[in-house]
Amino acid sequence: MDDPPAEPPSAPAAAPPADLADVDSLDGIVNALYASISFEAGEHPAWPRFRSLFDPAAVMVRVDSLIAALPPDQRDTPPLRVSTIEDYISRTTAAIESGALTAFVERELTRRTEVFADLAQVFSTYERCADAGEVRRGINSLQLVKDSGRWRVISLTWTDETDDGPLPSRYLPRT
326 MDDPPAEPPS
336 APAAAPPADL
346 ADVDSLDGIV
356 NALYASISFE
366 AGEHPAWPRF
376 RSLFDPAAVM
386 VRVDSLIAAL
396 PPDQRDTPPL
406 RVSTIEDYIS
416 RTTAAIESGA
426 LTAFVERELT
436 RRTEVFADLA
446 QVFSTYERCA
456 DAGEVRRGIN
466 SLQLVKDSGR
476 WRVISLTWTD
486 ETDDGPLPSR
496 YLPRT
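Here my numbering runs 325 ahead of the position in the sequence shown, where the first position is 1.
Errors might be hidden in some of the hints.
[What the hints assert, rightly or not] In silico SDA-like links for lysine to any residue, alpha-carbon gap of 25 Å or less:
(1) Lys-471 / Asp-349
(2) Lys-471 / Thr-438
(3) Lys-471 / Pro-381
(4) Lys-471 / Met-385
(5) Lys-471 / Tyr-359
(6) Lys-471 / Val-386
(7) Lys-471 / Pro-493
(8) Lys-471 / Asp-389
(9) Lys-471 / Glu-368
(10) Lys-471 / Trp-372
(11) Lys-471 / Ala-366
(12) Lys-471 / Asp-380
(13) Lys-471 / Ile-414
(14) Lys-471 / Pro-373
(15) Lys-471 / Val-384
(16) Lys-471 / Phe-441
(17) Lys-471 / Arg-376
Everything labelled a hint here was simulated from the structure, so no lab data went into it. None of the values given here were measured: they were computed from a predicted structure.
Between the sequences and the hints, there should be enough to build the whole structure, so can you do that?
Take a look at the structure:
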């Protein structure tokens, strides 16, 4: 007996309208990303603005370098966490509402950008601090496309530097 036809995957929700200043340039969209994700105690990230920067089908991938460095048989969690934008927002909102996360500030230190036609790859070195704790650095790797006159993030992958994996000098601000 044949299986019934599979239901087509549901389409992601449409992204909210974006402020043109946020998406008409790579500078604008990267700056808007950092501004929308950062928040002080008693506040929340600017989720509508955050959503507007991404393609509705975009993915976010956190690479945990400490776990990735372990042999596979010693890992208690996978080194990659792949999320949709809505998964990321839900998880972060839950952490804020439970009190596990009360503030988060991330700022760009420097950037390397490659562009061909309507494709862009941005390596953005960041510095972040959660709940007035330890300041950490890492790299956000953004893949973007220009569509209908505006830039959209189609994927964002990030990882923090570690003692065993410091940021290379080419990804640090020039002094």
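Hinted pair, alpha-carbon criterion (25 Å max): Lys-471, Arg-376. Please report holds or violated.
holds (16 Å)
Is Lys-471 close enough to Val-386, meaning Cα to Cα at most 25 Å?
Given pair Lys-471, Val-386 holds - Cα atoms ~21 Å apart, limit 25 Å.
Quick one, are Lys-471 and Thr-438 close enough, alpha carbons at most 25 Å?
holds (14 Å)
Would you mind confirming whether the straight-line C-alpha gap from Lys-471 to Met-385 stays at or under 25 Å?
It holds: about 18 Å lies between the C-alpha atoms, which stays within 25 Å.
Need the status of pair Lys-471, Pro-381: alpha-carbon distance at most 25 Å?
holds (14 Å)
Can the restraint linking Lys-471 and Ile-414 be considered satisfied, given a maximum Cα separation of 25 Å?
holds (24 Å)
Holds or violated: Lys-471 to Asp-389, with C-alpha atoms at most 25 Å apart
With Cα atoms ~29 Å apart, Lys-471 and Asp-389 exceed 25 Å; violated.
Next pair to validate is Lys-471 with Asp-380; report whether the Cα-Cα distance is within 25 Å.
holds (11 Å)
Hinted pair Lys-471 and Ala-366, Cα distance within 25 Å:
Given pair Lys-471, Ala-366 is violated - Cα atoms ~35 Å apart, limit 25 Å.
Within 25 Å, alpha carbon to alpha carbon, are Lys-471 and Val-384?
holds (17 Å)
Within 25 Å, alpha carbon to alpha carbon, are Lys-471 and Trp-372?
Roughly 22 Å separates the two Cα atoms, so the pair holds.
For Lys-471 and Tyr-359, compute the direct alpha-carbon distance and say whether it is at most 25 Å.
holds (19 Å)
Violated hints, in rising order: 7, 8, 9, 11; the structure is consistent with all others.
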